[in-house]
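2 protein chains.
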Amino acid sequence: MAWFFSKSSDEGIVLTSRIRLARNIDGVPFPHILDKDSAKKVVEDVTSAILDSNSAISKDFDVINLKDITLNERMSLVEKHLISKDLINRSDISAVMINKQKNVSIMINEEDHIRLQVIYPGFKLKEAYELASKIDDLIEERITYSYDTRLGYLTSCPTNVGTGLRASVMLHLPALTITKNINNIINTINQVGLTIRGLYGEGSNALGNVYQISNQITLGLSEEEIINNLIAVTNKIVEKEKKAREMLLEKQSVELEDELYRALGILKYARSISTQESLELISKVRMGVEMGIIKDVNVDKLNELFVNVQPATLQLLEKRDLSPKDRDIVRARLIREKLN
Amino acid sequence: MAWFFSKSSDEGIVLTSRIRLARNIDGVPFPHILDKDSAKKVVEDVTSAILDSNSAISKDFDVINLKDITLNERMSLVEKHLISKDLINRSDISAVMINKQKNVSIMINEEDHIRLQVIYPGFKLKEAYELASKIDDLIEERITYSYDTRLGYLTSCPTNVGTGLRASVMLHLPALTITKNINNIINTINQVGLTIRGLYGEGSNALGNVYQISNQITLGLSEEEIINNLIAVTNKIVEKEKKAREMLLEKQSVELEDELYRALGILKYARSISTQESLELISKVRMGVEMGIIKDVNVDKLNELFVNVQPATLQLLEKRDLSPKDRDIVRARLIREKLN
Numbered sequence: 001m002a003w004f005f006s007k008s009s010d011e012g013i014v015l016t017s018r019i020r021l022a023r024n025i026d027g028v029p030f031p032h033i034l035d036k037d038s039a040k041k042v043v044e045d046v047t048s049a050i051l052d053s054n055s056a057i058s059k060d061f062d063v064i065n066l067k068d069i070t071l072n073e074r075m076s077l078v079e080k081h082l083i084s085k086d087l088i089n090r091s092d093i094s095a096v097m098i099n100k101q102k103n104v105s106i107m108i109n110e111e112d113h114i115r116l117q118v119i120y121p122g123f124k125l126k127e128a129y130e131l132a133s134k135i136d137d138l139i140e141e142r143i144t145y146s147y148d149t150r151l152g153y154l155t156s157c158p159t160n161v162g163t164g165l166r167a168s169v170m171l172h173l174p175a176l177t178i179t180k181n182i183n184n185i186i187n188t189i190n191q192v193g194l195t196i197r198g199l200y201g202e203g204s205n206a207l208g209n210v211y212q213i214s215n216q217i218t219l220g221l222s223e224e225e226i227i228n229n230l231i232a233v234t235n236k237i238v239e240k241e242k243k244a245r246e247m248l249l250e251k252q253s254v255e256l257e258d259e260l261y262r263a264l265g266i267l268k269y270a271r272s273i274s275t276q277e278s279l280e281l282i283s284k285v286r287m288g289v290e291m292g293i294i295k296d297v298n299v300d301k302l303n304e305l306f307v308n309v310q311p312a313t314l315q316l317l318e319k320r321d322l323s324p325k326d327r328d329i330v331r332a333r334l335i336r337e338k339l340n
Numbered sequence: 001m002a003w004f005f006s007k008s009s010d011e012g013i014v015l016t017s018r019i020r021l022a023r024n025i026d027g028v029p030f031p032h033i034l035d036k037d038s039a040k041k042v043v044e045d046v047t048s049a050i051l052d053s054n055s056a057i058s059k060d061f062d063v064i065n066l067k068d069i070t071l072n073e074r075m076s077l078v079e080k081h082l083i084s085k086d087l088i089n090r091s092d093i094s095a096v097m098i099n100k101q102k103n104v105s106i107m108i109n110e111e112d113h114i115r116l117q118v119i120y121p122g123f124k125l126k127e128a129y130e131l132a133s134k135i136d137d138l139i140e141e142r143i144t145y146s147y148d149t150r151l152g153y154l155t156s157c158p159t160n161v162g163t164g165l166r167a168s169v170m171l172h173l174p175a176l177t178i179t180k181n182i183n184n185i186i187n188t189i190n191q192v193g194l195t196i197r198g199l200y201g202e203g204s205n206a207l208g209n210v211y212q213i214s215n216q217i218t219l220g221l222s223e224e225e226i227i228n229n230l231i232a233v234t235n236k237i238v239e240k241e242k243k244a245r246e247m248l249l250e251k252q253s254v255e256l257e258d259e260l261y262r263a264l265g266i267l268k269y270a271r272s273i274s275t276q277e278s279l280e281l282i283s284k285v286r287m288g289v290e291m292g293i294i295k296d297v298n299v300d301k302l303n304e305l306f307v308n309v310q311p312a313t314l315q316l317l318e319k320r321d322l323s324p325k326d327r328d329i330v331r332a333r334l335i336r337e338k339l340n
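Protein chains in written order, with the working numbering: chain A, 1 to 340; chain B, 1 to 340.
Treat the hints with care, since some could be wrong.
If you want a taste of the chain A side facing chain B, the calculated C-beta under 8 Å gives, among others [as the list claims (entries may be wrong)]:
{"id": "1", "residue": "Arg150"}
{"id": "2", "residue": "Leu154"}
{"id": "3", "residue": "Cys157"}
{"id": "4", "residue": "Val161"}
{"id": "5", "residue": "Val254"}
{"id": "6", "residue": "Glu255"}
{"id": "7", "residue": "Glu257"}
{"id": "8", "residue": "Asp258"}
{"id": "9", "residue": "Arg262"}
{"id": "10", "residue": "Gly265"}
{"id": "11", "residue": "Tyr269"}
{"id": "12", "residue": "Ala270"}
{"id": "13", "residue": "Arg271"}
{"id": "14", "residue": "Ser272"}
Hint data in this document are derived by calculation from the structure and do not stem from the laboratory.
Since we're looking at a predicted model, the values are computed, not measured.
Beta carbons are placed, not taken as given, at the ideal position from N, Cα and C, and that holds for glycine.
Using the sequences and the accompanying hints, generate a full structural model.
Structure follows, in structure tokens:
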């Protein structure tokens, strides 16, 4: 969980930078029409492309066959953004390689044969892309990608054809949400070839005021153009969030201070709390700390909680399955222990 | 404020016991038609009846002419239940004698010439009545009361004619309120010659789940009958509150625990809070402490806050007039300081 637990730059507004490359093996049908034996061979070929390479990187990776782990363990990987829900839906044939630092994951037999992801804390899109390219090259030493000289990389879904690149940043935008300015941003973002989503991708809500922004277009632009475009837009949004925070501080400091401190009070004292409420409150307290309103709360602990309060991760930490009601109780206890 | 700050019996359900005697001076018109000079003489006669007596009690009393104190000081006396709002409405002619222990107050030129009140913490109606009678006798040594052998004591309002006695208890009934059983109690209480009101008497809401129960009838029953009737009914309500608390504990302990602890969290962390919200939260925390759910909060501090958070008392403590917005801020600070 290095990506989430580390301190990030930009006053914590850019939580993470993520690069995802979609690749397929030449001559092999896409996963959704692949028979089990061929799927197994895809897993073998991709894993050995990494593990058998001479690169130092290869020693960092573990291979996890999805069918070998519990549903909770799978869901916890989703909560940590290391795999997608789609990979779980194909658990009989899918696998993932995750490195020790937990910032690189290679999903195998998701929508495409290979979904290579690098995730960094803070605003580090270029660094993430460099590492992704390096691993991409490593795989390509042993595997021939499905590639068209005119279109670029061929993918299962046409929206990924071309670079196969999805670059995204995860932003914490509580002040823009409180001031409702986020609605303007959502409207304009689509006009510049980007898309904005909640914490868990397409169709998900902005739990805890966390938003993902990513490129919509993979075709017709170079990797550099895609990344530079995202960097420019992100810089603008970060500026807007900073301005919104300044405005909040100036305009209604007591109301804001009260709202943020009450969030802290509830987190420290609740005996039962849902995932959604806890993410919302953690988000508020995090903003309070970053704005200098709330003292003596460690932002790293908040970041850690942001992941650990989620249902599957919570149950893994607790080492047992819990009913929703018991999860709320255990979640409240975990938060109290961490913050008190 | 001895009556409020002291620990009370019955697990804190009976906050206070109060006896009030209405008396008038024979041959003197009732206060609402009294000219200023005659009103002044009433104040002199009543105060000297106490101050010039040979009783040890006399040395305990201070005389306060309402016109000599600020509006805030007057309102704070109301908040402490030492005077009525009616006494403030006649500030040009009214006075009050208050003893050092602050459990006896003698209002002069309220609705009647004399309103003698004794208030005790806990469930001590008989003791309160004994002390009230003793002071009543002391005044009668020098003043001839307006008395009719058939009707009893004559009063300005016919509802007080007879004994002139109003006996009341102040009850903290959070569990009956939460379970909504309080509605049944309110309906039945009127059928047994008693009346139930909020924290500040007639027409007031049950702020902080505090209710006053008092006799409606002053005529046709002896003082002993009135008091015994109130004691019997109070015992029944206390039983019902205890049962409601047990039921809450059994049925939904996590939800209840969560609600009570969140109340504590908000009190400890809010930066702005209204009188009403703070009374509601203090009430919940108080019940939590009494039920053994919340540890390490001192119930005496909660009782103290219950009075001190109120607007006028708050401003007296702060030694300055405050806008409503500033009161909310100062109130939140006072609560934090007391509970942290």
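Results for each hint:
| no. | hint | result |
| --- | --- | --- |
| 1 | Arg150 | violated (61 Å) |
| 2 | Leu154 | violated (54 Å) |
| 3 | Cys157 | violated (45 Å) |
| 4 | Val161 | violated (51 Å) |
| 5 | Val254 | holds (5 Å) |
| 6 | Glu255 | holds (7 Å) |
| 7 | Glu257 | holds (5 Å) |
| 8 | Asp258 | holds (4 Å) |
| 9 | Arg262 | holds (5 Å) |
| 10 | Gly265 | holds (3 Å) |
| 11 | Tyr269 | holds (3 Å) |
| 12 | Ala270 | holds (5 Å) |
| 13 | Arg271 | holds (4 Å) |
| 14 | Ser272 | holds (4 Å) |
Of the numbered hints given earlier, the model fails hints 1, 2, 3 and 4; all others are met.
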